[in-house]
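Read top to bottom, the protein sequences are chains A and B.
First residue of the first sequence? That's 505 in our numbering, and the numbers climb one at a time after it.
First residue of the second sequence? That's 98 in our numbering, and the numbers climb one at a time after it.
Think of the hints as simulated: they come from the structure by calculation, not from any bench.
What you were told as hints is all true, and nothing was included just to trick you.
To spell it out: a stretch of chain A is covered by chain B in this simulated footprint if at least three of its residues, at any positions, have a beta carbon under 8 Å from a beta carbon of chain B; those stretches are:
#1 581-588
#2 591-600
#3 609-623
Computed Cβ-Cβ distance ranges for the label pairs, DEER-style:
#4 A:E563 to B:M241: 33 to 41 Å
#5 B:E222 to A:V582: 31 to 39 Å
#6 B:Q185 to A:F644: 28 to 36 Å
#7 A:I676 to B:K161: 25 to 33 Å
#8 B:D215 to A:H550: 33 to 41 Å
#9 A:Y516 to B:K220: 51 to 59 Å
#10 B:S270 to A:A573: 25 to 33 Å
#11 A:N585 to B:Q218: 24 to 32 Å
#12 B:E149 to A:D635: 28 to 36 Å
#13 A:D635 to B:A239: 39 to 47 Å
Virtual Cβ for every residue (Gly too), placed ideally from N, Cα, C.
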Amino acid sequence: MDKKKLRKWLRYIHRDLGYFFVGIILIYGVSGVLLNHKMTAYSTTHHQIVINQGLDKDELASYWKKNHADLSLKNIIVRSNDYQLFVDGGVGSYQPSSGQLTYETYQRNAIIDFVHRLHYNTVKGWKYMADFFAVSLIFFAVSGLFLSKGKKSIKGRGKWILLAGFLVPVIIFYFS
Amino acid sequence: MKNSIVLMMSILLLVACGQKKSSSSENVTVQKTEVIDVAQVLDKAENSIDKEVVFKGWVSHVCKHSGRRCFLKSEDGSVSIRVEAGGQINGFNKELTGSQLRVVGVMKVKKLDEQYLDEWQAKVEAAHKHEDVEEGGEHCSAEMDNINEMREWMKKNGKDYYPIYFVNGTDYSILN
Chain A
505 MDKKKLRKWL RYIHRDLGYF FVGIILIYGV SGVLLNHKMT AYSTTHHQIV INQGLDKDEL
565 ASYWKKNHAD LSLKNIIVRS NDYQLFVDGG VGSYQPSSGQ LTYETYQRNA IIDFVHRLHY
625 NTVKGWKYMA DFFAVSLIFF AVSGLFLSKG KKSIKGRGKW ILLAGFLVPV IIFYFS
Chain B
98 MKNSIVLMMS ILLLVACGQK KSSSSENVTV QKTEVIDVAQ VLDKAENSID KEVVFKGWVS
158 HVCKHSGRRC FLKSEDGSVS IRVEAGGQIN GFNKELTGSQ LRVVGVMKVK KLDEQYLDEW
218 QAKVEAAHKH EDVEEGGEHC SAEMDNINEM REWMKKNGKD YYPIYFVNGT DYSILN
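Given these sequences and hints, build the entire structure.
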């Protein structure tokens with residue numbers, strides 16, 4: 505195959521594969537930024553109140569049923585200094601000595617969960633798509649080197665930009 | 098152009114056919130089977146290495162980043178065990194916190210030997226020197242207590258390692 509035809513086919517596949525992967529690139533890109541800044545798919549709501557001191561397990565359960573009926577209390581474990589509460593989608597504790605009741609519940613953001621779970625590859629069957637995407641990214645990188653001709657191609661100023669791109673991670677890794 | 102579209106469609110079909118319909122972490126069932134507690138499974142842990150175990154426990158924590166692991170507490174709250182997501186389990190949703198799960202998995206052990214504990218102690222002591230005294234002191238003290246308890250257990254039981262038992266989960270269902 506001559507160079508002209510090869511460049512044409514690289515351009516076609518680069519273009520069409522590029523269209524196909526726009527959505528997936530956005531998923532990994534958005535998820536990547538969120539993960540980089542440690543933003544998970546869950547937000548935590550903290551609650552802290554002071555109730556009667558010295559409640560036993562049953563009294564605490566009754567209190568909860570009367571005052572927090574919207575959040576199901578599943579179990580209470582009595583520990584040496586406090587009680588551990590297990591509620592629907594969260595945990596908490598009650599200190600009989602002070603009456604301090606704290607608990608936290610977790611709420612899922614469906615969109616962030618969607619992108620994170622794909623990025624983490626915790627969705628069954630996604631592994632094969634992710635592998636295909638990874639190989640395609642390599643194709644994008646390599647094919648992109650040969651799409652242009654002339655002064656701005658890889659033979660021209662392109663080689664310096666390419667070199668800079670390789671140096672940045674090396675410098676940051678070894679000299680930061 | 099036509100050829101590249103045909104190629105992409107073929108790959109898509111291959112990926113789609115590679116997927117299996119299986120229970121995800123959202124597809125849960127409520128069961129009322131009598132199973133042993135976390136405390137009982139840990140009592141038998143030494144003799145259950147690499148064997149399948151079935152037990153129940155209260156979810157006290159789910160790893161927030163990937164949901165790849167959760168911690169189940171025993172009914173009396175005295176012990177807890179780590180469960181790694183595997184098999185049919187894609188991951189644990191954080192909303193499972195507070196729920197009681199029935200878990201099926203394979204018992205595993207990580208053995209912490211003297212060398213490991215020595216290196217850990219050295220890291221803690223090194224970290225203590227660099228951290229703020231008030232904050233670091235509390236943190237280091239708790240870790241050192243942990244290490245010392247492990248050493249005492251090894252001495253008491255005549256072992257040259259401290260075992261950390263965990264389970265590679267293959268399936269779970271919600272009991273409560």
